[in-house]
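Reconstruct the complex from the two isolated chains, following the hints.
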Amino acid sequence: MEKKLPTIEIIEKYCKGCHICVEFCPTKVLEMKGFVASVKNLEACIKCMQCELRCPDFAIKVTP
Amino acid sequence: MSFDYDKYIRPGKLPHIWCPGCGHGIVMKGLIRAIDACGLKKEETAIVSGIGCASRLPGYMDCCTLHTAHGRAAAFATGVKMARPEMNVILVGGDGDGTAIGGNHFIHACRRNINMTYIILNNKIYGMTGGQFSPATPTGAKASTTPYGNPDPAFDIAKLAIGAGATFVARGTAFHANQIDKLITEAIQHKGFSVVEILDDCPTTYGRRNKFKSVVEMMNHLKDIAVPVKAAEKMSPEQLQGKVLTGVLHKEEKPEYTEQYAQVIERAQAAK
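Taken in order, these protein sequences are the chains called A and B. Just so we're aligned, residue 1 is where the first sequence starts under my numbering, counting upward by one. Just so we're aligned, residue 65 is where the second sequence starts under my numbering, counting upward by one.
Calculated directly from the structure, the hints in this document are not laboratory data. All of these numbers come straight from a predicted model, not from anything done at the bench. For every residue, glycine included, the Cβ atom is placed at its ideal position computed from N, Cα and C. Careful, some of the hints might be misleading.
Unchecked claim - Taking CB as the label site, the calculated pair distances span:
#1 B/M146 to A/K47: 23 to 29 Å
#2 B/D70 to A/E31: 24 to 30 Å
#3 A/K47 to B/E297: 33 to 39 Å
#4 A/E12 to B/M146: 41 to 47 Å
#5 B/R175 to A/K47: 45 to 51 Å
#6 B/H134 to A/C48: 38 to 44 Å
#7 A/L5 to B/A295: 46 to 52 Å
#8 A/K47 to B/Q324: 47 to 53 Å
#9 A/E12 to B/Y325: 48 to 54 Å
#10 A/L5 to B/P84: 43 to 49 Å
#11 A/P6 to B/T193: 39 to 45 Å
Next up, chain B with everything else stripped away, as it sits in the complex (with noise of 0.2 Å):
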């Protein structure tokens, strides 16, 4: 039986506001599937995002939603997760939104160890807004800003993440749409500061620039560089020069934010 994606957004939403082939769409549906085998319920899930195509998604989402300045996504769902301990909250944004507007207070979510989970859709330039490079932006190559190549080093955005803090740090691309629901799952059902990077494509702002000619050869080239976790285990690092590593890369136990925050609530009780 072909999976009901239906339930899960609201009436009269679709069809959405992406361009064509743009990946987006393939992790909300992985999003949604992960929320189904989850068995989250919608009330008790919050979907909260910044500014850019990727934080579009939550309005189309039917559950608990917030759509917030840029940059401050996680903010905004410390908040929510600090009021509500008992609510799923998930955060959606792009690389731009994530790591440079918002980069401050994404790291110090992954340093709190607070019990969400963080999406970031990298397509490695802020779509939205014409095609300025992102800090996800590779070196050379070209945006609206950076007509004659990029001079700036990326972000490998998982080991920021790991680097912060974060106790449970994955890897997919759009590609492998098998691959997301697992990977979002997983990390909801972690307690603890999750992050899922997603490598996406972005066929009209960054496909365009930088000699990729269709949807598809952007789509392969997902696939050509991603290697699994196990099979790089077994490669030399000749071989991996260019390749970007997928799949579970970090996971941990730490203690959670919300729950450390209770017991300072109360100490300071006892102490009245």
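So that you can see chain A by itself, here it is in the shape it has in the complex (with noise of 0.2 Å):
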């Protein structure tokens, strides 16, 4: 059976690139592209919803 993908949302407009979510995704779903953060691999996401707890930004929101 296919694996569903989460969405990760990045409002680029609120985010202010301090690189939390890029260096605490335990999987390393992040990046950083220029100053705002973006998913680089989102099949390797499992969930944990670490990225959303802690962005400071309200920047990012994951849908399960």
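Here's what the structure looks like:
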């Protein structure tokens, strides 16, 4: 059965590029693209929601 | 399902003013989750703050909010609670606002045991005014007013609150984001004066002067120094050197102030 992928929405207007989500993602799903975070490898996401929880700028929304 | 923070945030207020990597946003999210978990109604919740970076928080919250004079959050909040005891009063402030300028109001609010929750975001510095040292700045740390190191010993805010008579005292960190809402939820549900100290990071004015290369390094530092209360029981004093206890540090039941005051009114009216 194919794994259902989550959606990770990054609101670029809110992101201040602090690197917290990129560094504390346990499976390295996110990367910095210029000054803002972006999704690099969605397949690796384990839906732990740590990026959404830790984002100080309300910029990440994960829908598992 | 991801948590819908937007229903507690004033429309059009984001993005907020805090610097990149500032933990205040993480604490604000924790507070929102705690308000939601406690089922508090927006119109029955007052969020009161003084002046400072942390004190900007009520401006973003779609509740009854009050942004008051520097250090006077506890004084104004006591007024709100005395006039409307049914309100859920939450205070938010920084370490300087709470323990230096508002130190007197803070200890007396603790002593009275009035049913409010004080969230102190301790980033160890006055961030908004340019990085002056605060009572929570560790000894030896550099600030704009202590360029050769701070000679003063720092306040242990949680111990100060316990000593002054607060009946619920807890401590968390901005790194342990999962724990923040649980501590605040317990604090709101506790009847009496509750203090939740959250150790925070200030990359702009504190980290930059104290050899923290990045926000991530500051967050990892918070992770390294935090020791849960239960784990600390099995550790020796040498192992606990330089560590900070996290979790619920103190909890007791004492008469609550607004109830005591209502009895005073009853006695006074009966004496007429």
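A quick look at each hint next to the structure:
1. Between B/M146 and A/K47 the C-beta distance comes to about 46 Å, which lies outside the given range of 23 to 29 Å.
2. Between B/D70 and A/E31 the beta carbons are some 26 Å apart, a value that agrees with the proposed interval 24 to 30 Å.
3. Judged by the Cβ atoms, the range 33 to 39 Å given for A/K47 and B/E297 holds: they are separated by roughly 34 Å.
4. Look at A/E12 against B/M146: about 46 Å separates their beta carbons, and that is inside 41 to 47 Å.
5. For B/R175 paired with A/K47, a C-beta distance near 46 Å keeps the hint of 45 to 51 Å intact.
6. A hinted range of 38 to 44 Å holds for the C-beta pair B/H134 and A/C48, which are about 40 Å apart.
7. Distance hint check: the CB atoms of A/L5 and B/A295 are about 37 Å apart, inconsistent with the given range 46 to 52 Å.
8. Separation of A/K47 from B/Q324 is about 49 Å and conforms to the stated range, judged on CB atoms against 47 to 53 Å.
9. The supplied range of 48 to 54 Å is met by A/E12 and B/Y325, whose beta-carbon atoms lie about 51 Å from each other.
10. Checked against the given bound of 43 to 49 Å, the beta carbons of A/L5 and B/P84, roughly 29 Å apart, lie outside it.
11. A/P6 and B/T193 have their C-beta atoms about 42 Å apart, which keeps the hinted 39 to 45 Å range intact.
Of the numbered hints listed earlier, those contradicted by the structure are 1, 7, 10.
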